[in-house]
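Peer 1: Taken in order, these protein sequences are the chains called A and B. The working numbering applies: residue 1 is where the first sequence begins, and numbers increase by one. The working numbering applies: residue 1 is where the second sequence begins, and numbers increase by one.
Honestly, the hints are just simulated from the structure, not real lab data. Treat the hints loosely; a few may be bogus.
Stated by the list, open to error - EDC-like, lysine to aspartate or glutamate: derived pairs with alpha carbons at most 20 Å apart: (1) A:K49 / B:D135; (2) A:K44 / B:D135; (3) A:K108 / A:D46; (4) A:K80 / A:D230.
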Amino acid sequence: MTQTTIGGTRKKVINALMMAGLIIVFIAYMFPFIMVIINSLKQKRDIIKSPFSWLFTIKGLSFDNFVKAFTQMDFLNAFKNSLIVTVSATVLVTLLAAMLAYYIVRHKNWISSVTFSLMVASMIIPFQAIMIPLVSIYGGTLNILNHRLTLIFMHTGFSMAMSVFMFHGFLNGNIPIALEEAAYIDGCTHSQTFFRIVFPLLKPIISTMVILNALAFWNDFLLPSLVLTDKKLLTLPLSTYSFYGTYSADYGTIMAGLLLCVIPILILYMVLQKQIINGVVAGAVK
Amino acid sequence: MKSKSNGKDFCTFALPGLFCFLAVVIVPFLYGVYLTLTDWNGVSRDKNFVGLKNFVGVIKDTQFWSSLLLTFRYVIFVVIIVNVIAFAIAWLLTRGIKGQNFFRAGFFTPNLIGGIVLGYIWQFVFSRVFVSIGDSTGWGAFEASWLSDPGKAFAALVIVSVWQLSGYMILIYVAGFMGLSEDVLEAASIDGASGFIKLKNIIMPLMMSSVTICLFLTLSRAFMVYDVNLSLTAGAPYGTTEMAAMHVYEKAFTSRQFGVGQAEALVLFIITACISGLQVYLTKKKEVEA
């Protein structure tokens with residue numbers, strides 16, 4: 001009986017120590033975010049005096065920085081651009097990849113096998129190995145850069161291989177062909193079978209792929225920076241970049257601008273936390 | 001399915017996705033290989049065939065090799081530190097601590113935010129916050145901004161990348177630890193295995209599949225670092241922190257040497273592919289089933 005109590009206290013002490021260590025690491029981890037939040041509410045002179053000073057020790061606490069950043073970054077417009085590009089590209093790649101993967105799984109011919117091997121092999125090509133010819137083709141020969149549609153099309157193409165690979169794995173393991181045969185007997189066409197029977201069954205993998213792709217599209221910088229130069233079309237990362245270039249000395253405004261970029265994702269993360277984490281793990285472990 | 005409708009099926013189901021993929025990935029990739037054999041400058045209409053001259057240019061481009069060497073150093077530091085930290089934190093998180101999900105979600109936050117924004121946040125921390133700490137405490141390490149000293153700017157890049165990547169790896173390692181069977185560990189304890197022996201002989205081999213994934217992800221991400229590099233240091237001071245991916249970009253779009261730039265991009269791609277392939281081969285060999 002005494003044995004267990006001693007073991008119990010020891011375990012409690014170890015647990016408390018681990019907890020303390022974890023909390024210290026965690027605070028260090030959150031430190032940059034805390035700094036941004038604190039300083040986004042301060043005026044420039046207070047930041048230069050000490051970025052560390054806490055809010056209650058200074059007088060000039062204000063939301064002016066947010067107003068300034070909001071208008072100067074043209075936040076609403078950039079946000080709208082990011083939203084249009086992310087949503088359209090995500091919907092497009094999810095739909096097209098699911099259909100392509102379905103074709104590959106259900107038609108065992110040479111086109112399927114060549115397509116699939118090509119896609120798997122292409123997954124190791126980094127974007128940097130493609131960006132120069134990409135600009136050369138779409139900017140020089142076709143001259144269709146600076147359109148939202150071009151960016152959406154490229155996002156779709158770049159995430160196609162990975163998405164098809166994931167859908168392929170899921171279709172192979174989880175969708176029994178008997179279900180489709182029953183649909184055909186009942187008189188469904190191939191398209192009806194796919195959209196009414198198969199596509200709804202793909203829901204788990206669809207949510208994983210939507211999360212992974214949407215995050216990647218929303219945060220991407222290099223590809224949009226090559227495609228879009230027109231100020232009206234800039235996505236959030238791009239407008240942050242040009243905003244920072246112009247106002248880099250105005251710390252308060254910059255911090256407010258950075259925070260504005262982060263807030264929409266954080267809100268989404270709070271709502272969908274479980275799905276996002278599960279999606280990311282599922283995506284990596286594949 | 002009936003082979004009669006095969007052609008129609010192909011057009012409706014496979015063609016749209018396949019077209020996007022071919023037009024954006026495969027065609028530019030092949031065209032890129034062709035570009036390395038020309039002297040195109042990005043503007044003019046005509047491209048002259050120059051054979052392997054661009055690859056000679058790559059060999060002569062000393063800046064490229066120094067940026068590649070720097071990238072190697074960076075990759076080694078980042079891959080080791082990220083995986084050690086993530087492994088340790090994931091282990092702590094699976095000890096039945098309260099609020100495990102909260103911590104896990106918190107550590108993952110940097111991954112949700114683009115590299116550009118992260119780089120700017122840290123630029124402020126390094127050039128303002130740390131300097132102010134140095135001023136008030138007199139610590140020599142923080143007296144001047146880290147970003148103005150080549151060695152410290154490199155360290156700053158490593159720190160930010162570790163901070164950014166480890167949350168993701170924590171998720172994967174946590175998933176790995178949760179999959180470990182308690183029976184095996186208990187059996188080892190009964191047989192008298194100490195903590196370290198258990199880690200070395202039982203936990204590590206069983207965690208190898210997570211290690212394979214994490215090493216692969218960190219390797220490929222670290223080799224291609226660009227966003228954070230651009231927003232944190234932009235190669236400053238004096239181009240001493242310019243990584244290979246950034247050098248390729250500069251070569252092509254700033255110096256307008258598209259042929260050489262593309263050749264360097266291909267060299268970088270081949271090196272990365274070989275190293276990651278070797279890593280996957282080596283760590284996969286060590287994977288065992290419980």
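Peer 1: Name the hints, by number, that the structure is in violation of.
Peer 2: 3
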